[in-house]
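Protein chains in written order, with my numbering: chain A, 1 to 72; chain B, 73 to 144; chain C, 145 to 216; chain D, 217 to 288; chain E, 289 to 360; chain F, 361 to 432.
Because the hints were derived from the structure by calculation, they are not lab data.
Heads up, some of the hints might be wrong.
[As the list claims (entries may be wrong)] Covered stretches of chain B, as calculated for chain D (at least 3 residues, CB under 8 Å):
id, stretch
1, 85-93
2, 123-133
[Claimed, not checked] Partial pick of chain F residues on the chain E-facing surface, computed with a CB cut under 7 Å:
id, residue
3, V408
4, D411
5, N412
6, I415
7, G416
8, G417
Nothing here was measured: the structure is a model prediction, and the numbers come from that model.
For each residue, glycine too, the CB sits at the ideal point set by N, CA and C.
Chain by chain, the residues run as shown.
Number of protein chains: 6
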Amino acid sequence: MPYVNIKITREGGTTAEQKAELIDGVTTLLARVLGKNPTTTVVVIDEVDLDNWGIGGLPVEAFRQQQRGGGK
Amino acid sequence: MPYVNIKITREGGTTAEQKAELIDGVTTLLARVLGKNPTTTVVVIDEVDLDNWGIGGLPVEAFRQQQRGGGK
Amino acid sequence: MPYVNIKITREGGTTAEQKAELIDGVTTLLARVLGKNPTTTVVVIDEVDLDNWGIGGLPVEAFRQQQRGGGK
Amino acid sequence: MPYVNIKITREGGTTAEQKAELIDGVTTLLARVLGKNPTTTVVVIDEVDLDNWGIGGLPVEAFRQQQRGGGK
Amino acid sequence: MPYVNIKITREGGTTAEQKAELIDGVTTLLARVLGKNPTTTVVVIDEVDLDNWGIGGLPVEAFRQQQRGGGK
Amino acid sequence: MPYVNIKITREGGTTAEQKAELIDGVTTLLARVLGKNPTTTVVVIDEVDLDNWGIGGLPVEAFRQQQRGGGK
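Isolated chain A, as found in the complex (with noise of 0.2 Å):
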């Protein structure tokens, strides 16, 4: 019965096949390696704006700016 919250920042494209992908992926996982029961996992995805995600001591935009073009 495990909880797991997902926090990503809010890029426009997460579709929500997408994040049926990762509700499904780590749900699995958990399974996989602890063998926890998939009917009982929870997964809560929580999508937060670019000006409330910090890094560095940045914003994540100017984080991004300053590193020249990194990951997401």
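Position chains B, C, D, E and F against the provided structure of chain A, taking the given hints into account.
Below, chains B, C, D, E and F alone, put in the same frame as chain A:
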């Protein structure tokens, strides 16, 4: 001085009155069971889009269809 | 299928019975107010060391001393 | 590599500049006090609707009315 | 730069190797499905005492007894 | 009435004084930047075992070895 976070799926009809009832109910519960001071009890309710909530390896709507009309 | 996280300070005497009462109480509250299904309601209680909990800009024990005997 | 989550009530005027100042401030604090590496310090700010935030057993606006002009 | 929090019940035998497998698995999943940069993906695993985890209105051990040998 | 959760790796030497400095620092920051009331600002610090913290797809100690002496 407890902190309580309640995450629920965002369904159409959750009203401000219902949220107030949750806030009051959980604060009262902590005061009754553990003697916690209501004045410094904080409650935060997160409403999560259905696409972003998974259970049983599926997004919640697909899970409900699979369960044939299971609960909220 | 709500998820509830209750954070409380770790005081000497929180018993398994009190925790069970919190779990039952909050699950019942969500069923009564919002019709949420108890079967898939998950509750996680975190007990936090006093040094690790701050309020009013102070660790909780210093805050309580300042308040001269305020509540838990 | 700390992770910091700041939850505040969603009031009209929180600007991107203020959020950047929070991100910078908390990252600097962790570097100064604990020597944590700013490069891998992550900060996530959640803005919570007033209806969804409770204190003292009341939604925050009712609590503020009760306190007659208390702080944010 | 996702942040993932995995909460599981603290059972006797969760090894460092299994935790490493969870960290690797969820990081790889986010890179594959959403193109997220593994370098800045943070994963935090919380192991929660059985008394502190509730489902179906019961502490997890009482719930399992009720379910007669249900999953972890 | 903000709520702040600070998660750090559990290293040997985090003292109560350092935690008090974090609590004071973040509470002061929120008062200065957003005018938040210190009296109702709650800070919770979680110290996470090294095995339970991942970055870059690795547990933090393996990540640090890979980075050859990178920061905390």
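If any of the earlier hints don't hold here, list their numbers in rising order. Number 2 - this is the single hint that the structure violates.
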